[in-house]
Amino acid sequence: MLEGRNAKNPEIIGFACSYCTFKASEMAGSLRMKYPDGVKLVQVPCSSRVDPAFVIKAVFEGADGVFVAGCHPGDCHFIKGNYFTRRKVAALKEMFDTFSIKDKLHLFWVSAAEGRRFVEKVSGMYNEIKEKKNAGKTN
Amino acid sequence: MKTGIFICHCGHNIKHTVDVKKVSEYFKRFPGVVVSDDYPFVCSEPGQDMIQEAIRKHCLDRVIIASCTPSLHEELFKDVLKKADLNPFLLRRVGIREHCSWVGDDPELNTGKAIRLIKAGLYASAHYVPLEEKRVDVVKSGLIVGGGVSGLSAALFLSKMGMHVYLVEKDAELGGHVRLLKDVWPAREDGSAIVSRMVNELQTRENVEIFTSTTITEFEGFFGNYQATLNTSSGEKKVTAGGVVVAIGFTPFDPRLKPELNYGNDNRIMTTLEFESRKDSLALPENPRVAVLHCVGSRDEQAGRPYCSRVCCINALRVGDAVKDRYKDSYVESFYMDVRAHPKGGEEFFEDTQEKGVLFTRSNISEINLGPGGVILRGEDTLFGEPFEREFDLAVFSIGMSPPVDSKRISSLLKITLDKDKFFLEAHIKLRPFDTAVKGIFIAGSCSGPKDVEESINHGRASALKLYGFLNLGYAFVDPFISWVDPKRCSGCRMCEKACVAKAIRFDEEKRIVHVEEAACMGCGLCNSTCPSSAVNLKGHMDSYIDDEIGALMEVM
Chain D
0 MLEGRNAKNP EIIGFACSYC TFKASEMAGS LRMKYPDGVK LVQVPCSSRV
50 DPAFVIKAVF EGADGVFVAG CHPGDCHFIK GNYFTRRKVA ALKEMFDTFS
100 IKDKLHLFWV SAAEGRRFVE KVSGMYNEIK EKKNAGKTN
Chain A
0 MKTGIFICHC GHNIKHTVDV KKVSEYFKRF PGVVVSDDYP FVCSEPGQDM
50 IQEAIRKHCL DRVIIASCTP SLHEELFKDV LKKADLNPFL LRRVGIREHC
100 SWVGDDPELN TGKAIRLIKA GLYASAHYVP LEEKRVDVVK SGLIVGGGVS
150 GLSAALFLSK MGMHVYLVEK DAELGGHVRL LKDVWPARED GSAIVSRMVN
200 ELQTRENVEI FTSTTITEFE GFFGNYQATL NTSSGEKKVT AGGVVVAIGF
250 TPFDPRLKPE LNYGNDNRIM TTLEFESRKD SLALPENPRV AVLHCVGSRD
300 EQAGRPYCSR VCCINALRVG DAVKDRYKDS YVESFYMDVR AHPKGGEEFF
350 EDTQEKGVLF TRSNISEINL GPGGVILRGE DTLFGEPFER EFDLAVFSIG
400 MSPPVDSKRI SSLLKITLDK DKFFLEAHIK LRPFDTAVKG IFIAGSCSGP
450 KDVEESINHG RASALKLYGF LNLGYAFVDP FISWVDPKRC SGCRMCEKAC
500 VAKAIRFDEE KRIVHVEEAA CMGCGLCNST CPSSAVNLKG HMDSYIDDEI
550 GALMEVM
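First to last, the sequence lines map onto chains D and A.
Residue 102 in numbering that gives the first Met the number 0 sits at position 103 of the first sequence, and the numbers go up by one each step.
Residue 136 in numbering that gives the first Met the number 0 sits at position 137 of the second sequence, and the numbers go up by one each step.
Because the hints were derived from the structure by calculation, they are not lab data.
Fair warning: there could be bad hints in the mix.
Quick list of in silico lysine-lysine cross-link-like pairs, DSS-like style, CA-CA up to 27 Å [as the list claims (entries may be wrong)]:
#1 Lys421(A) x Lys79(D)
#2 Lys101(D) x Lys56(D)
#3 Lys1(A) x Lys81(A)
#4 Lys92(D) x Lys497(A)
#5 Lys429(A) x Lys33(D)
#6 Lys429(A) x Lys79(D)
#7 Lys429(A) x Lys407(A)
#8 Lys33(D) x Lys421(A)
#9 Lys21(A) x Lys7(D)
#10 Lys438(A) x Lys79(D)
#11 Lys79(D) x Lys414(A)
#12 Lys79(D) x Lys407(A)
#13 Lys33(D) x Lys502(A)
#14 Lys79(D) x Lys502(A)
#15 Lys502(A) x Lys538(A)
#16 Lys56(D) x Lys81(A)
#17 Lys497(A) x Lys79(D)
#18 Lys33(D) x Lys419(A)
#19 Lys21(A) x Lys33(D)
#20 Lys77(A) x Lys1(A)
#21 Lys14(A) x Lys79(D)
#22 Lys56(A) x Lys21(A)
#23 Lys82(A) x Lys1(A)
#24 Lys538(A) x Lys79(D)
#25 Lys33(D) x Lys1(A)
Throw the hints in and build the complete structure from the sequences for me.
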């Protein structure tokens, strides 16, 4: 455990907005839903706070996957922050595509009430990345 | 830098899957970490004393508390820092319960994850700067949305505490659904009497303004100073309120959504609400055959109502009771899934109705057909596993509660969250059941989930009390998480100005740089991530914090 990263299990960093996705993750926790330990969250006030540089940094530092998650479109606590996020992530995806690492970046919407959806999304992403990683398709 | 790390066992909750001893030992070897302790309950009184003592003894300037989720006990731990004369914004909470011990089973992996999460907190907090909590003046008035029992009790309570109250009701009359009820269980009181007592008292009070036939069309501002535009029958009106209680109630389930039940096509099929208003004028034979259907629009995945509505079992029992009282030799059959006779005395009432001769059949009703002699119920007896077909003179549906029709509109107007069933979501189901995620906006009554009359009244009062506690002093402190512009770095490209939704960023024509209007800033950080020269920074969520957090999460141990 303390001896370096497990080569087979992916590490995922997620940026979760305080008002929706982070709340959903709290709910998932208190409902004792299980998801892989490789998923770790960084709390941001709004998904629009996520600078593309953070995502790039996480990938450079060795994350196998990065996700940005916020409120459903139209439900943003900061009125339309998540629309900016959507555009930023779309641009970032295009850039990632040129390096063939598009699969590493995910964007999804989870509202505060959707603890189950949060778990489904992160577990799905984790398993997908794990499969590819162990098949040797990426890194 | 002197950091103190306090790891909570949370009794069994964290300790059983995280090796807390190992974690606290691990951090002891970090430079700058002066204290690294684990403790059974950090939030308990001795736990708080321990932190205060450690801060004083070691002159700590960073405190990391690894325990439950950051939104729980935040204020409590901030107060602990304040008491020890340390700036409360030098506190870092790490959630190793909801984000670690409760979501994984493997102790070894969980211990590793806890270490990483605490490390992220440690690295991020190294960049923390003391911040000043902003004091804002608040308006001592409350806006109550919805004039049902919970809205009325909230308004009454607030006005008695000496606050100015604006009560907004979309219908022409106050009282909501309770006004229509003939006898409210268990006191058997007339619903309109309950309502009119409250309304009469409210009307005599000088500090209450009641707006009926009114809807809210616009809503803006921040805690302590919300501005709402009301669309009244005599034109638009703007009001300023310090806080809001949302009590918009519920909508009765429309049985037309289940066409197989033939509701609306025959006057021998009705809901409990209609039965109550029409029971004196019903044309029933001498010994009527009456069917009572439970759970119409409750616990029904297909109708999109998977939750229990709590009040409809009692309503169904009361129908049987009323029929038996009136017609001694009547045949009453209740078709139920489970009987959840919810409030106090409900079970006894259930037994009483059984003794009176109401027959209870556990069943699923698949369809109701109209016949010349009566309505024909077809269904399956789920105890015997047999299909049946029976004829009745009257079928009464005990309908469930649906979310209010306005919930979507109000939620986007006030920026509060809905749960998956479209009821309003509490900030925390147990610890903050009346709060929403927005400071100063509270929810009361059945708009946050089905409730009976008594509960709705209690809910209204509780929300009013919480709002009063927030506004009582006439001032409040708000989080200082607002953007700040570094004038040396700003190139005046004005990209942040275009991005800012709150219009808090202004361009200074003379200096050719932007500045932030502190009162308008919402603290989303969009400007921060838009700025190409990193000149704008969101206090409390600076680039350096998040950068190092990512670094710590990915660091090879």
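Against the structure, the hints come out as follows:
1. Under the criterion of a C-alpha separation no larger than 27 Å, the hint pairing Lys421(A) with Lys79(D) is consistent with the structure, at around 21 Å.
2. Proposed proximity of Lys101(D) and Lys56(D) is supported: the alpha carbons are some 15 Å apart, at most 27 Å.
3. Restraint check for Lys1(A) and Lys81(A): the C-alpha separation of about 17 Å stays at or below 27 Å, so the hint holds.
4. The suggested pairing of Lys92(D) with Lys497(A) holds, with an alpha-carbon distance near 23 Å, which does not exceed 27 Å.
5. Restraint check for Lys429(A) and Lys33(D): satisfied, since their Cα atoms lie roughly 21 Å apart, inside the 27 Å limit.
6. As the CA atoms of Lys429(A) and Lys79(D) are separated by approximately 30 Å, the hinted pair breaks the 27 Å bound.
7. For the proposed pair Lys429(A) and Lys407(A), the alpha carbon gap of about 24 Å is at most 27 Å, so the pair holds.
8. Note on Lys33(D) and Lys421(A): the hinted pairing holds, with a Cα-Cα distance of about 25 Å set against a maximum of 27 Å.
9. Between Lys21(A) and Lys7(D) the CA atoms are separated by roughly 24 Å; this keeps the pair inside 27 Å, and the hint holds.
10. For the given pair, Lys438(A) sits about 19 Å from Lys79(D) by alpha-carbon distance, which is consistent with the 27 Å threshold.
11. About 11 Å separates the Cα atoms of Lys79(D) and Lys414(A), which keeps this hinted pair within 27 Å; it holds.
12. For the suggested pair Lys79(D) and Lys407(A), the alpha carbons sit about 17 Å apart, so the restraint of at most 27 Å is met.
13. Between the alpha carbons of Lys33(D) and Lys502(A) the distance comes to roughly 41 Å, so the proposed pair goes past 27 Å and is violated.
14. The suggested pairing of Lys79(D) with Lys502(A) holds, with an alpha-carbon distance near 13 Å, which does not exceed 27 Å.
15. Pair hint Lys502(A) plus Lys538(A) holds up; C-alpha atoms about 18 Å apart against a cutoff of 27 Å.
16. Restraint check: the Cα-Cα separation between Lys56(D) and Lys81(A) comes to about 35 Å, which exceeds 27 Å; the hinted pair is violated.
17. Taking the CA atoms of Lys497(A) and Lys79(D), the gap is about 13 Å. The hint holds against a cut of 27 Å.
18. Restraint check for Lys33(D) and Lys419(A): satisfied, since their Cα atoms lie roughly 20 Å apart, inside the 27 Å limit.
19. About 23 Å separates the Cα atoms of Lys21(A) and Lys33(D), which keeps this hinted pair within 27 Å; it holds.
20. Among the hinted pairs, Lys77(A) with Lys1(A) is consistent with the structure: their alpha-carbon atoms are about 18 Å apart, no more than 27 Å.
21. With a C-alpha separation of about 41 Å, the suggested pair Lys14(A) and Lys79(D) falls outside the 27 Å cut-off, and the hint is violated.
22. Taking the CA atoms of Lys56(A) and Lys21(A), the gap is near 24 Å; set against the 27 Å cutoff, the hint holds.
23. A distance of roughly 18 Å separates the Cα atoms of Lys82(A) and Lys1(A); the hinted pair therefore holds under the 27 Å criterion.
24. Between Lys538(A) and Lys79(D) the alpha-carbon distance is near 21 Å, which keeps this suggested pair within the 27 Å criterion.
25. With a C-alpha separation of about 36 Å, the suggested pairing of Lys33(D) with Lys1(A) is violated against the 27 Å cut-off.
Hints 6, 13, 16, 21 and 25 from the earlier list are contradicted by this structure; the remaining hints agree with it.
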